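Undergrad: Using the sequences provided together with the hints, build the complete structure.
Which chain is which? The protein sequence lines are A and B, in order. Counting in the working numbering, the first sequence runs from 1 upward without gaps. Counting in the working numbering, the second sequence runs from 115 upward without gaps.
The hints are simulated quantities; they were obtained by calculation from the structure and are not laboratory data. Treat the hints with care, since some could be wrong.
Short, incomplete list of chain A residues facing chain B, as computed with Cβ under 7 Å [claimed, not checked]:
#  : residue
1  : TYR33
2  : GLY43
3  : GLU44
4  : LEU45
5  : PHE47
6  : ARG50
7  : ASN95
8  : TYR100
9  : ALA101
10 : LEU102
11 : PHE104
12 : LYS106
Listing some non-contacts, in silico: residues in chain A with all C-beta distances to chain B over 10 Å [unchecked claim]:
#  : residue
13 : ILE11
14 : VAL13
15 : GLU15
16 : LYS16
17 : ARG63
Just so it is clear, the structure is predicted and the values come from calculations on it, not from any experiment. Ideal Cβ positions, reconstructed from N, Cα and C, are used throughout, including at glycine.
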Amino acid sequence: AQKVTQAQTEISVVEKEDVTLDCVYETRDTTYYLFWYKQPPSGELVFLIRRNSFDEQNEISGRYSWNFQKSTSSFNFTITASQVVDSAVYRCALNSNSGYALNFGKGTSLLVTP
Amino acid sequence: DTAVSQTPKYLVTQMGNDKSIKCEQNLGHDTMYWYKQDSKKFLKIMFSYNNKELIINETVPNRFSPKSPDKAHLNLHINSLELGDSAVYFCASSQYLNTEAFFGQGTRLTVV
Numbered sequence: 001a002q003k004v005t006q007a008q009t010e011i012s013v014v015e016k017e018d019v020t021l022d023c024v025y026e027t028r029d030t031t032y033y034l035f036w037y038k039q040p041p042s043g044e045l046v047f048l049i050r051r052n053s054f055d056e057q058n059e060i061s062g063r064y065s066w067n068f069q070k071s072t073s074s075f076n077f078t079i080t081a082s083q084v085v086d087s088a089v090y091r092c093a094l095n096s097n098s099g100y101a102l103n104f105g106k107g108t109s110l111l112v113t114p
Numbered sequence: 115d116t117a118v119s120q121t122p123k124y125l126v127t128q129m130g131n132d133k134s135i136k137c138e139q140n141l142g143h144d145t146m147y148w149y150k151q152d153s154k155k156f157l158k159i160m161f162s163y164n165n166k167e168l169i170i171n172e173t174v175p176n177r178f179s180p181k182s183p184d185k186a187h188l189n190l191h192i193n194s195l196e197l198g199d200s201a202v203y204f205c206a207s208s209q210y211l212n213t214e215a216f217f218g219q220g221t222r223l224t225v226v
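TA: Okay, structure coming up:
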């Protein structure tokens, strides 16, 4: 069975603070794929990143960075110097070679206030 | 051009009616999906359609049926609508089963 846990339901930060969103996953497969999506208040789902299980290299894209650690089954997402436009629900997801679709966590709602 | 488009964006209908939501992707992807986002904002897979193979989440009632006239389209038909079917339905597509999915803007279905 596959499972994604995003223990943080809601996070509120003040603009320019750094914030880390946690994602812990469970799978019995040795080959799997991890994803992050952003869902702003307008409702659409925006793809942010995909990471393969055999690639533990961390990723940085502008103010966004991702920390993948197989030893702790975690794929955490950090926003540096947060901005109001970062306010959204962020969803972590998992798929594997034995799966047939993205399996999403419950999401973390991030509110960035001025 | 919108990569994954679904229509209508809003759908209000009475209990017992039959309705359809259309989805089209112009990305040339092989796989399409339907997801349901309920009132608690949980996002759950309903169907996956890959190379004419349909994979169904066993929790989905058989009143829901996907229909794919061609690789670029995956429509969702819902029979005998119930109040509990009210949700936002998202269509998505991906190149393969384990690659990132791109989502449509969602269809908010309200059953009254």
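Undergrad: Now tell me, hint by hint, if it's right for this structure.
TA: Hint check results:
1. A hinted interface residue such as TYR33 of chain A counts as satisfied when its beta carbon comes closer than 7 Å to some beta carbon of chain B; here the least separation is about 5 Å, so the hint holds.
2. The interface hint given for GLY43 of chain A holds, since its Cβ lies 5 Å from the closest Cβ of chain B, which is under the 7 Å cut-off.
3. For GLU44 of chain A, the shortest C-beta to C-beta distance to chain B is roughly 5 Å, which falls under 7 Å, so the interface hint holds.
4. For the restraint placing LEU45 of chain A at the interface with chain B, the shortest Cβ-Cβ distance is roughly 4 Å, inside the 7 Å limit, so the hint holds.
5. Residue-level restraint check for PHE47 of chain A holds (minimum Cβ-Cβ distance to chain B is 5 Å; threshold 7 Å).
6. Because the beta carbon of ARG50 of chain A sits about 5 Å from the nearest beta carbon in chain B, less than 7 Å, this interface hint is met.
7. Contact between ASN95 of chain A and chain B, as hinted, is supported at the beta carbon level, the nearest pair being about 5 Å apart and thus within 7 Å.
8. The closest approach between the C-beta of TYR100 of chain A and any C-beta of chain B is roughly 4 Å, which is under the 7 Å cut-off, so the hint is satisfied.
9. Below 7 Å, beta-carbon pairs count as interface contacts, and ALA101 of chain A has one with chain B at about 4 Å; its hint therefore holds.
10. With a cut of 7 Å, the hint placing LEU102 of chain A at the interface with chain B holds, because the nearest CB-to-CB distance is about 6 Å.
11. Interface restraint check for PHE104 of chain A: the shortest CB-CB distance to chain B comes to about 4 Å, inside 7 Å, so the restraint holds.
12. Given the 7 Å rule on beta carbons, the hint for LYS106 of chain A holds: about 6 Å separates it from the nearest Cβ of chain B.
13. Its beta-carbon lying about 15 Å from the closest one in chain B, ILE11 of chain A satisfies the requirement of being farther than 10 Å from that chain.
14. The claim that VAL13 of chain A lies off the interface holds: its Cβ sits roughly 20 Å from the closest Cβ of chain B, which is beyond the 10 Å cut-off.
15. No Cβ of chain B comes within 10 Å of the Cβ of GLU15 of chain A; the nearest lies about 24 Å off, and the non-interface call holds.
16. Annotated as non-interface, LYS16 of chain A keeps its C-beta farther than 10 Å from every C-beta of chain B; the closest such distance is 27 Å.
17. Remark: the non-interface label on ARG63 of chain A is consistent with the geometry, its nearest Cβ contact in chain B lying 20 Å away (cut-off 10 Å).
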